[in-house]
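Following the working numbering, the numbering of the sequence shown begins with 60 at its first residue and continues without gaps.
Any given hint might turn out to be false.
[Claimed, not checked] Below, computed lysine to any residue pairings styled on SDA-like, alpha-carbon distance capped at 25 Å:
| # | residue 1 | residue 2 |
| --- | --- | --- |
| 1 | Lys-83 | Met-147 |
| 2 | Lys-135 | His-107 |
| 3 | Lys-83 | Lys-133 |
[Stated by the list, open to error] Pairwise CB distance ranges (calculated):
| # | residue 1 | residue 2 | range |
| --- | --- | --- | --- |
| 4 | Ile-155 | Ala-183 | 41 to 51 Å |
| 5 | Val-117 | Ile-161 | 17 to 27 Å |
| 6 | Asn-88 | Val-115 | 12 to 22 Å |
| 7 | Thr-149 | Lys-172 | 46 to 56 Å |
| 8 | Phe-131 | Phe-77 | 35 to 45 Å |
| 9 | Asn-91 | Pro-63 | 28 to 38 Å |
These aren't lab readings, by the way, just hints derived from the structure by calculation.
Cβ atoms here follow ideal geometry from the backbone N, Cα and C, with glycine treated the same way.
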Amino acid sequence: MKKPPQDLSNLLHLSGKFPELAEKAELLNHLNQHVKQALAGPVAEQLHVANLRQGVLVIETTSAAWAARVNFQKPKLLRQLQAETLPMLTAIEVKINPRLAIVESNKPINQSKLSLESAKHIEALAEHVEGSLGEKLKRLAALASRDRQNK
Numbered sequence: 060m061k062k063p064p065q066d067l068s069n070l071l072h073l074s075g076k077f078p079e080l081a082e083k084a085e086l087l088n089h090l091n092q093h094v095k096q097a098l099a100g101p102v103a104e105q106l107h108v109a110n111l112r113q114g115v116l117v118i119e120t121t122s123a124a125w126a127a128r129v130n131f132q133k134p135k136l137l138r139q140l141q142a143e144t145l146p147m148l149t150a151i152e153v154k155i156n157p158r159l160a161i162v163e164s165n166k167p168i169n170q171s172k173l174s175l176e177s178a179k180h181i182e183a184l185a186e187h188v189e190g191s192l193g194e195k196l197k198r199l200a201a202l203a204s205r206d207r208q209n210k
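The task is simple: from the sequences and hints, build the whole structure.
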């Protein structure tokens, strides 16, 4: 008879290196949220806590410009993290990782708006289509034209 499947969280906390890895991952996730709250605004979207080793917090940013902004705020952030969460923190290191920007650019683009030219093409098509489809195409073209006029 087969054993029932075990819960993954139980396996992570049993033995070996998994408990250490799970604990560090949870810590880094917590630090990432804390740093993003401390550095609120557009800079928070451009960074990620990458590691914590030997009292040094490693933060990755998408570009040198964002790294400069984080470096500018680093002393204040270091004091805040030491006071609130990590008293053993000695330094913050900022590194540039352009791949963070690539991940962000893969988000789906909202293309629910029709251009005025598209509305004209749909309206011209609706002139040659009869029945309910023609009516629906005319309403779609009118809706797109109305959206453009409201802006």
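Hint check:
1. Restraint check for Lys-83 and Met-147: satisfied, since their Cα atoms lie roughly 15 Å apart, inside the 25 Å limit.
2. Restraint check for Lys-135 and His-107: the C-alpha separation of about 18 Å stays at or below 25 Å, so the hint holds.
3. Of the pairs offered as hints, the one joining Lys-83 and Lys-133 holds, with about 22 Å between alpha carbons and a cut-off of 25 Å not exceeded.
4. With their beta carbons about 50 Å apart, Ile-155 and Ala-183 fall inside the hinted range of 41 to 51 Å.
5. Checked against the given bound of 17 to 27 Å, the beta carbons of Val-117 and Ile-161, roughly 19 Å apart, stay inside it.
6. Taking the beta carbon of each, Asn-88 and Val-115 are about 18 Å apart, inside 12 to 22 Å as hinted.
7. Checked against the hint of 46 to 56 Å, the pair Thr-149 and Lys-172 passes, with Cβ atoms roughly 50 Å apart.
8. Between Phe-131 and Phe-77 the beta carbons are some 39 Å apart, a value that agrees with the proposed interval 35 to 45 Å.
9. At roughly 35 Å, the beta-carbon separation of Asn-91 and Pro-63 lies within the given 28 to 38 Å, and the hint holds.
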